[in-house]
Amino acid sequence: MNNGRYYGGCDVGSTTGKAVILGSEGIVGSSLIPSEIDPEITARHALEKACASVPGLEGIQGLSYLIGTGYGRNEVPFASENISEISCHAMGAFWCDPSIKTIVDIGGQDMKAIALADDGSVREFAMNDKCAAGTGRFFEAMSRIFRMDLDEFSKLSLSARKTIPVTAQCSVFAETEVISLLAKRNPPADIAAGIQNAVGKRCFTLLKRVGLKPHLTVTGGCAKNQGLLMELRRLFQIDIAPMTVDPQLIGALGAAILASRKK
Amino acid sequence: MEKIKPGLSDYLEFNKYRAINLMHIGRMAAKRGPFDLHRDLKRYPWLLDLLKVNSLLQRLVKGRSGNYRTAVAMVLGGVVDGVIELLEGIFYRSDHLILHEDLLPPEIFRAMGLQPWVPELLGILLPMIVPDSMQKYLDAAENEGIPPDICSLPRATIGMAMKNAFPPPLAVVSSNLPCDGGMSSYTVIAQQTKKPAYWVDVPFDFKSERALNYFAGELKAMIAWLEEHTPGKMDWDRLKEICDKRNVMAELELDIWDMIRQRPAPMAAEAVWMSHLWFFNVNPGYDTSIQLLADLKSLTEENLATGISAVSHEKYRALLWNPPTLHYVDLLVLAERTYGVSLILDSMSFNRQPFIDTSSTDSMLKSLGSIIMQGPMARHTRGPAEMNYFPDIFHMVKHFDLNMVWVAGHIGCKNTQAMSGILQEKCRDAGIPLLVIDYDLMDSRITPKEGIQEQVGNFMENIMKARRLD
Chain B
1 MNNGRYYGGC
11 DVGSTTGKAV
21 ILGSEGIVGS
31 SLIPSEIDPE
41 ITARHALEKA
51 CASVPGLEGI
61 QGLSYLIGTG
71 YGRNEVPFAS
81 ENISEISCHA
91 MGAFWCDPSI
101 KTIVDIGGQD
111 MKAIALADDG
121 SVREFAMNDK
131 CAAGTGRFFE
141 AMSRIFRMDL
151 DEFSKLSLSA
161 RKTIPVTAQC
171 SVFAETEVIS
181 LLAKRNPPAD
191 IAAGIQNAVG
201 KRCFTLLKRV
211 GLKPHLTVTG
221 GCAKNQGLLM
231 ELRRLFQIDI
241 APMTVDPQLI
251 GALGAAILAS
261 RKK
Chain H
1 MEKIKPGLSD
11 YLEFNKYRAI
21 NLMHIGRMAA
31 KRGPFDLHRD
41 LKRYPWLLDL
51 LKVNSLLQRL
61 VKGRSGNYRT
71 AVAMVLGGVV
81 DGVIELLEGI
91 FYRSDHLILH
101 EDLLPPEIFR
111 AMGLQPWVPE
121 LLGILLPMIV
131 PDSMQKYLDA
141 AENEGIPPDI
151 CSLPRATIGM
161 AMKNAFPPPL
171 AVVSSNLPCD
181 GGMSSYTVIA
191 QQTKKPAYWV
201 DVPFDFKSER
211 ALNYFAGELK
221 AMIAWLEEHT
231 PGKMDWDRLK
241 EICDKRNVMA
251 ELELDIWDMI
261 RQRPAPMAAE
271 AVWMSHLWFF
281 NVNPGYDTSI
291 QLLADLKSLT
301 EENLATGISA
311 VSHEKYRALL
321 WNPPTLHYVD
331 LLVLAERTYG
341 VSLILDSMSF
351 NRQPFIDTSS
361 TDSMLKSLGS
371 IIMQGPMARH
381 TRGPAEMNYF
391 PDIFHMVKHF
401 DLNMVWVAGH
411 IGCKNTQAMS
421 GILQEKCRDA
431 GIPLLVIDYD
441 LMDSRITPKE
451 GIQEQVGNFM
461 ENIMKARRLD
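So the protein lines, in turn, are chains B and H. Note that my numbering gives residue 221 to position 221 of the first sequence, counting from 1, and the numbers run on in steps of one. Note that my numbering gives residue 85 to position 85 of the second sequence, counting from 1, and the numbers run on in steps of one.
Accuracy of the hints is not assured; some may be wrong.
[Stated by the list, open to error] Label pairs and their computed distance ranges (CB to CB):
| hint | chain 1 | residue 1 | chain 2 | residue 2 | range |
| --- | --- | --- | --- | --- | --- |
| 1 | H | E454 | B | P34 | 22 to 32 Å |
| 2 | B | T15 | H | K465 | 20 to 30 Å |
| 3 | H | D180 | B | R234 | 34 to 44 Å |
| 4 | H | L51 | B | D129 | 32 to 42 Å |
| 5 | H | L12 | B | G62 | 47 to 57 Å |
[Claimed, not checked] Once the Cα atoms are required to be at most 30 Å apart in a straight line, the calculated BS3-like pairs of lysine-lysine come out as:
| hint | chain 1 | residue 1 | chain 2 | residue 2 |
| --- | --- | --- | --- | --- |
| 6 | B | K262 | B | K155 |
| 7 | H | K398 | B | K208 |
| 8 | B | K208 | H | K414 |
| 9 | H | K297 | H | K5 |
| 10 | B | K213 | B | K201 |
| 11 | H | K62 | H | K297 |
| 12 | H | K245 | H | K315 |
| 13 | H | K163 | H | K136 |
| 14 | H | K297 | H | K398 |
| 15 | H | K426 | H | K315 |
| 16 | H | K220 | H | K42 |
| 17 | H | K16 | H | K207 |
| 18 | H | K245 | H | K220 |
| 19 | H | K426 | B | K213 |
| 20 | H | K315 | B | K262 |
| 21 | B | K213 | B | K162 |
| 22 | H | K245 | H | K207 |
| 23 | H | K426 | B | K201 |
| 24 | B | K208 | H | K207 |
| 25 | H | K465 | B | K262 |
| 26 | H | K465 | B | K213 |
| 27 | H | K414 | B | K213 |
| 28 | B | K208 | H | K426 |
| 29 | H | K163 | H | K449 |
| 30 | H | K195 | H | K220 |
| 31 | B | K162 | B | K184 |
| 32 | H | K398 | B | K213 |
| 33 | B | K208 | H | K465 |
| 34 | H | K414 | B | K201 |
Think of the hints as simulated: they come from the structure by calculation, not from any bench. Where is the CB? At the ideal position from N, CA and C, for every residue including glycine.
Please put together the full structure from these sequences, using the hints given.
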């Protein structure tokens, strides 16, 4: 990276927009905002916010190279290039910890399992982008049923005494099932453990397709869900490597790293 | 998208084949006359979709030029000619018409002087021309209680039978191949047509001599049954003539395959797979089929001699496993133009035993049986996979110097769905990039073409590290 040059990565997700600015000393700025309806506006707001946190950087125009990623990446006209979020998550996680070989990325509306090659590139991937079950949207819906915010809900299962299975495969039917379980006065923590277990099993299925190799990490917004992380550890019988950077920013970080390699 | 500007000669070639297709259609229309034609269109509404074949031609030649473009247009023109011949058969030789399953040798029916019609054929051809053309038949079958999770090809075929969309045959002939869905579709066809039906029992163990003898015996029994229930009489000399000519076709095809081993390949995609699909499965042993393959070989030779590749800037060479994505058949055009992917060969064309021993009647029947048992939809849906499925894939990857395997993961095919997971592990061990496209063969409502494009894009950009050419 050249001195005085800044590189940007912008991950336009379905739920949040993320931006990371890299300078010669590493990450110099970042942002995380709720997504707007228009992905271009999301990208602009996220980037402006991240750029504003970097002294001496004159807005988006000051970036030497900008890579857009995420589901809305094709709607970011001011990006120098667009790269799939699969490659960006792989690169971001690898940059944080080169020993990472497998990633589970759980975003707002999809879930991916990514296997990494030794150089941090993608060796294999599998994704579920057709079904809301096991995504951030699913957890949002669940937390609403429990009348909790996401943070509160993510910790609920930590105090569970047992796991009440949630068997419905579909998020709509799962919602009905959970309401029914609550109505029968089952302990909310035990039901929450069932929800985390159902999502964990979905992750496991995806991971099986790409081959699970240590070290494993979780990225995306759902990586902040402590109950889910605990369940994944239990199901996979493997530790989950923590990221040195906010796991929700990994895609944007990977994009920024790839941008910094464009001289 | 890579911008390829076809030259004047390309435009002229395109228009030549467009005119030829129209001429074939016009020939049939003129022969039928307005009254009969009107009645035919009412009786067989799918004819209207077939008539739109030039829209498929337009999609398939897009971005292609020179001999490659000519070859693709020529193959499609040959298919149109063949379809018209089949249609004329159902109009003018209905007293010899039989419906037969696609994994029975058409050579035998032709040699018996029968007019064969493969019910699955429309389910294969129509979605290529009009992507949503089979949806009404799929829905019709489901509305009658056919489970929605059986393969959409037999399901659509059942729907067509229920809507009385097939010409009335004298008899129905089927087998226990390739799958339960396929078998059940012929039960419905036989019930709907109220015609006598015969099922050939194809042995499971396709590798042994005993199995071959058994299959040959089954074919003999089928011939005897057909002679009893139809005006067809077996002419063994005629069968030998057809088989000899089919052998000529196989030689020509093998010559083409030998040439496409070269990097970059002088011929690709539809010129390779569609020519096999139609001419070997529907019109084997025809003089027109031999001529077309000879012309295809000449075009390939010319490209090879002058160092012209089919796909300009060929960067990747792919193997397509399973039938092509019928409702989005121009996927290969997109892959060529967007990433420089050249589809070299496919599993439906590949057969390790393409020749027929014509030294005796028994040897012919055994060879025809072998072609079927060692061919797609039979060999690969019978285990053990370690002995046929994986070795065939890895042989083709090595022999044709391929970079990757694309599996058209037709959601309705339980046999191959189960294999994809194991194939994933095998390819991982062998270091072969594998793309499994989740889609349905003919129902674009399951995965629309945009979904297929996204899967291909994700694979090419993340695994192959391909840069888009646009």
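Do the hints match the structure? See the list:
{"no.": "1", "hint": "E454(H) to P34(B): 22 to 32 Å", "verdict": "25 Å, holds"}
{"no.": "2", "hint": "T15(B) to K465(H): 20 to 30 Å", "verdict": "28 Å, holds"}
{"no.": "3", "hint": "D180(H) to R234(B): 34 to 44 Å", "verdict": "39 Å, holds"}
{"no.": "4", "hint": "L51(H) to D129(B): 32 to 42 Å", "verdict": "38 Å, holds"}
{"no.": "5", "hint": "L12(H) to G62(B): 47 to 57 Å", "verdict": "54 Å, holds"}
{"no.": "6", "hint": "K262(B) to K155(B)", "verdict": "41 Å, violated"}
{"no.": "7", "hint": "K398(H) to K208(B)", "verdict": "27 Å, holds"}
{"no.": "8", "hint": "K208(B) to K414(H)", "verdict": "19 Å, holds"}
{"no.": "9", "hint": "K297(H) to K5(H)", "verdict": "25 Å, holds"}
{"no.": "10", "hint": "K213(B) to K201(B)", "verdict": "17 Å, holds"}
{"no.": "11", "hint": "K62(H) to K297(H)", "verdict": "22 Å, holds"}
{"no.": "12", "hint": "K245(H) to K315(H)", "verdict": "36 Å, violated"}
{"no.": "13", "hint": "K163(H) to K136(H)", "verdict": "10 Å, holds"}
{"no.": "14", "hint": "K297(H) to K398(H)", "verdict": "22 Å, holds"}
{"no.": "15", "hint": "K426(H) to K315(H)", "verdict": "24 Å, holds"}
{"no.": "16", "hint": "K220(H) to K42(H)", "verdict": "38 Å, violated"}
{"no.": "17", "hint": "K16(H) to K207(H)", "verdict": "46 Å, violated"}
{"no.": "18", "hint": "K245(H) to K220(H)", "verdict": "21 Å, holds"}
{"no.": "19", "hint": "K426(H) to K213(B)", "verdict": "16 Å, holds"}
{"no.": "20", "hint": "K315(H) to K262(B)", "verdict": "22 Å, holds"}
{"no.": "21", "hint": "K213(B) to K162(B)", "verdict": "29 Å, holds"}
{"no.": "22", "hint": "K245(H) to K207(H)", "verdict": "26 Å, holds"}
{"no.": "23", "hint": "K426(H) to K201(B)", "verdict": "24 Å, holds"}
{"no.": "24", "hint": "K208(B) to K207(H)", "verdict": "33 Å, violated"}
{"no.": "25", "hint": "K465(H) to K262(B)", "verdict": "15 Å, holds"}
{"no.": "26", "hint": "K465(H) to K213(B)", "verdict": "22 Å, holds"}
{"no.": "27", "hint": "K414(H) to K213(B)", "verdict": "29 Å, holds"}
{"no.": "28", "hint": "K208(B) to K426(H)", "verdict": "14 Å, holds"}
{"no.": "29", "hint": "K163(H) to K449(H)", "verdict": "27 Å, holds"}
{"no.": "30", "hint": "K195(H) to K220(H)", "verdict": "21 Å, holds"}
{"no.": "31", "hint": "K162(B) to K184(B)", "verdict": "16 Å, holds"}
{"no.": "32", "hint": "K398(H) to K213(B)", "verdict": "28 Å, holds"}
{"no.": "33", "hint": "K208(B) to K465(H)", "verdict": "23 Å, holds"}
{"no.": "34", "hint": "K414(H) to K201(B)", "verdict": "23 Å, holds"}
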